[in-house]
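A.B. asks: Letter by letter, the chains look like this.
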Amino acid sequence: MKAYILRRLLLTIPLLLGISFVSFVIIQLSPSDPAEVVVRVNEIEPTDEVVAITREQLGLNKPFLTRYADWMCAVAQGDLGRRYVDNKPVAQELARALPPTVWLALTSTLFMAVCSVGMAFVCAMYEGRTVDYLLRGFIFLGTATPGFWAGLLLMWLFSVKLNWLPTSGMQGASSVILPAVTLSLTYISTYARLLRNSMVQNKQKNSVLYARARGLTRGMIWRHIFRNSLQSTLTGLGMSLPKLMAGTFVVETIFAWPGLGWLCVTAIFNRDFPVIQAYVLLMAVMFVGCNLLVDILCAVIDPRLRARGQA
Amino acid sequence: MDTFCQFVLLNLLATAMLSLQKKCYYCQPLNLPRRMERDMRKIGFVLAALICCLNISACQNDEKSTAQAQRTEMVYASTKDIRIINPHLYSGEMAAQSMVFEPLVVNTSEGVKPCLAESWEISPDGRVYTFHLRKGVTFSDGAPFDAAAVKMNMDAIVANRQRHGFEMVNEIERNEVVDTYTYRLVLTHPYYPTLVELGLVRPFRIISPNCFINGQTKDGVSGYVGTGPWVLSEHKEKQYALFTANKNYWGAQPKLQAVRWRVMPDHQTIMLALQKGEIDLVFGADGDMLNMDAFNALQKEGKYATLISKPIASRAILLNAHQPVTKDRAVRMALQYAVNKQAIVDGVLNGTESVADTLISSTVPYCDLGLPARGYDPAKAATMLAAAGWKLGPDGLRAKDGQKAIVRLYYNSQNAQERTLAEYVQSDLKKVGIEMKIIGEEKQAFLDRQRTGDFELQYSLSWGTPYDPQSYLSSWRIPAHGDYQAQVGMERKEWLDKTITQLMIEPNEATRKAMYKEILTYVHDEGVYIPISYSRTKAVHSKALQGVGFGVSQYEVPFEKMYFENTSAR
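Protein chains in written order, with this note's numbering: chain A, 1 to 311; chain B, 1001 to 1570.
FYI, nobody ran anything at the bench for these hints, they're computed from the structure.
All C-beta atoms, glycine included, are put in the ideal place defined by N, C-alpha and C.
A couple of the hints might just be wrong.
What the hints assert, rightly or not - Okay, derived cross-link-like pairs now, DMTMM-like style, lysine to aspartate or glutamate, Cα gap no bigger than 20 Å in a straight line:
1. B:K1443 / A:D70
2. B:K1391 / B:D1368
3. A:K88 / B:D1525
4. B:K1218 / A:E36
5. B:K1080 / B:E1093
6. B:K1380 / B:D1328
7. B:K1380 / B:D1357
8. B:K1218 / A:E56
9. B:K1443 / A:E49
10. A:K88 / B:E1093
11. B:K1236 / A:D86
12. B:K1443 / A:D86
13. A:K88 / B:E1237
14. B:K1218 / A:E49
15. B:K1430 / B:E1442
16. B:K1380 / B:E1435
17. A:K161 / A:E127
18. B:K1380 / B:D1368
19. A:K161 / B:E1435
20. B:K1247 / B:D1141
21. B:K1247 / B:E1073
22. B:K1218 / A:D295
23. B:K1151 / B:D1179
Stated by the list, open to error - Just the calculated beta-carbon pair ranges, DEER-fashion:
24. B:G1396 / A:T235: 53 to 59 Å
25. B:N1210 / A:K2: 45 to 51 Å
26. A:Q77 / B:T1072: 44 to 50 Å
27. A:T235 / B:S1413: 49 to 55 Å
28. A:R8 / B:L1012: 40 to 46 Å
29. B:E1518 / A:D79: 43 to 49 Å
30. B:V1158 / A:Q77: 37 to 43 Å
31. A:G147 / B:T1108: 45 to 51 Å
32. A:D70 / B:N1248: 46 to 52 Å
33. B:A1297 / A:F140: 40 to 46 Å
Said to hold, decoys possible - Reference listing, derived: stretches of chain B covered by chain A, where coverage requires no fewer than 3 residues with Cβ under 8 Å from a Cβ of chain A:
34. 1182 to 1190
35. 1271 to 1277
36. 1391 to 1398
37. 1434 to 1444
38. 1484 to 1497
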């Protein structure tokens, strides 16, 4: 197990280097001239002289590989560069936007986990009955509804009509509920169905029949079925965390949530390349890290994986 | 504790109460019959829910009544953060900059009025302005406002000369402190819009000398301290900014104690927050905060007060005079008659704006020229096109010398109103045999296109009063602007730019009037703009909020005049 983890950790280094290089290349291919973008974004008239001075100040007239090497050296020291828009350190901006996004993503994941597991349990226990069909229909509806529309509907109902929750903004503990529910709606269906199907399959195994014959209680049998069905859902849930952190722009816009999604999309519209590069690198690190964590977790839960690993 | 937390706690309490009856809810089954146990549970949850609902509604009433009795803070929603409100730069929200920083003179509907300068004299040759500053004014950090502070500000602005698009910065020869409260500005030429430009939101507003960094402001400032009626007390980027009333303000104290500028990027969220009562005021010019459908719906509902300003700016379609189809003057003139402006005003703008027959309204200084109006006449447009050699093909599309009449209109995709307007124009052009493609682009790409001139038609909105006409015309000379790119195909573009430069420093009023007439008549005759309407600023606010009005510019919000009904005037 330890060897497996070490090997995986060592493999992440070339992977991250590759991702950072590709993101650097793609951004350089943008048709907009970054120097002109900086000038324009600061609402200065982009005359040729001003653009040339800006290009030199930002080091954009250096060769591509030199710029990449400079950037990687700076990143290794924790310096992610400065924003074009207001010259603030990118690291500071990411540090400001990260906690709200993490909070939102964790709450969504928790809600997703609770709902998916709950619904899957009920559907598997009452397989083929009315409850199963109703819940599956409800899940399907939740997935089919576009996120921005679901968010506005939830806001209208729970905030405006019932006055239970605030409409938007990061103000107090309850303000995370509506955005978290909106964000999780799309994912609940996937994991609920995955888990339900897996549990239905495991329910029909001989081991379950033997457990019943041995006189185990209903609760204990379902616990075993659940543990055996969990692997693929857990992998999906684990990977959804970085996905949630990377792609929450729509929900953040609707609920005025000051997170990473908003920061990144604003940076894209402003062609703020240092921010975009840092964001891509951060997301790559998170995906790789979460992937590894989930694999370890699966091995912990399922002894068969540990045994395979050791073999 | 907020309502939801109370709700959760009560629910937990109810469950705990039920659990106590059963000792260990999950471990030991009750001795009661199963059915009774289930029924008890159901009753328990229903009771708990009832308790919660009653409590919630009681809380709402408590909250509402408490809130109404004590409102001194107004909540204003905007889709944008205030960002950097350095008064000498252009990155921040203008409405926020004008709350904190004041100019020497201020633009009003009655013209230029005193502000930080009580009076002034202008030399006979129009080059020397001597300002007598208001005494006893301090910045909100306690620093005294005097001629030395004004000079420090002006020097910092001039040091960043290349950053400013306003011509006046290039006209400043020197500025001097005559005595503690007398300040002199000397220009190279008699630049006539000097006072108007000094009164604009940026860049000529005064910041405390304590906020300079190494004697400059071009690379940032260490704080946002001004002499204005508001002080920026708190700013959480992309969340909110809190402005509190300046206790040491030299003028009339604002009636409110605070204004909270909340950032809500989505328009629908703003509407819902307004309905809930979380925000008090929505203010917007060109569909950036409010679109017409939302405005009309709110107006009909009657729960809110709605206001529309007088016409402020010009909405027009820009025609590029150096692209294949639109470089033909006959096409541009035919398009003037092809577009049904009244239908756009009625359909897109819900009748709230008036049709524009000229690019700049005749109510704007120097623009009452009696230029001929071009009404909707598609038959005339078709005749003009045919006479110019644009023959109608079997596919309903005109062509001349192998060039098909296909044009592209670009707009900023964040503005849904522009798209609808474009669709009306597309339909009108199709009737006269011209195909128009509508392409929405995100803001940066849209601005890139303005610079390169790669468009036939583009949506254009002027800056409005008090920028029109001098600053608007002045910007026509800047190559990075869409107006320049569109006009560059005109035969006399060089003459146009030279005349604009000359008229800015023309001391004789009559000559200046004649020059404006010549320029605007030429642009009108060249048909480079299709004027659509004169835009108006809209405001929607809760009925409890009083004193809501409009400033002379569409970029400023007069918060200092607003107050709540239950707050006594101060």
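A.B. asks: Evaluate each hint against the coordinates.
C.D. replies: Outcome of the hint check:
no.	hint	in the structure
1	B:K1443 / A:D70	30 Å, violated
2	B:K1391 / B:D1368	37 Å, violated
3	A:K88 / B:D1525	48 Å, violated
4	B:K1218 / A:E36	18 Å, holds
5	B:K1080 / B:E1093	8 Å, holds
6	B:K1380 / B:D1328	17 Å, holds
7	B:K1380 / B:D1357	17 Å, holds
8	B:K1218 / A:E56	18 Å, holds
9	B:K1443 / A:E49	24 Å, violated
10	A:K88 / B:E1093	18 Å, holds
11	B:K1236 / A:D86	15 Å, holds
12	B:K1443 / A:D86	18 Å, holds
13	A:K88 / B:E1237	12 Å, holds
14	B:K1218 / A:E49	17 Å, holds
15	B:K1430 / B:E1442	26 Å, violated
16	B:K1380 / B:E1435	18 Å, holds
17	A:K161 / A:E127	36 Å, violated
18	B:K1380 / B:D1368	26 Å, violated
19	A:K161 / B:E1435	47 Å, violated
20	B:K1247 / B:D1141	11 Å, holds
21	B:K1247 / B:E1073	15 Å, holds
22	B:K1218 / A:D295	52 Å, violated
23	B:K1151 / B:D1179	11 Å, holds
24	B:G1396 / A:T235: 53 to 59 Å	58 Å, holds
25	B:N1210 / A:K2: 45 to 51 Å	59 Å, violated
26	A:Q77 / B:T1072: 44 to 50 Å	49 Å, holds
27	A:T235 / B:S1413: 49 to 55 Å	38 Å, violated
28	A:R8 / B:L1012: 40 to 46 Å	42 Å, holds
29	B:E1518 / A:D79: 43 to 49 Å	57 Å, violated
30	B:V1158 / A:Q77: 37 to 43 Å	39 Å, holds
31	A:G147 / B:T1108: 45 to 51 Å	47 Å, holds
32	A:D70 / B:N1248: 46 to 52 Å	49 Å, holds
33	B:A1297 / A:F140: 40 to 46 Å	32 Å, violated
34	1182 to 1190	violated (count 0)
35	1271 to 1277	holds (count 4)
36	1391 to 1398	violated (count 0)
37	1434 to 1444	holds (count 3)
38	1484 to 1497	violated (count 0)
In this structure, the hints that do not hold are numbers 1, 2, 3, 9, 15, 17, 18, 19, 22, 25, 27, 29, 33, 34, 36, 38, in rising order.
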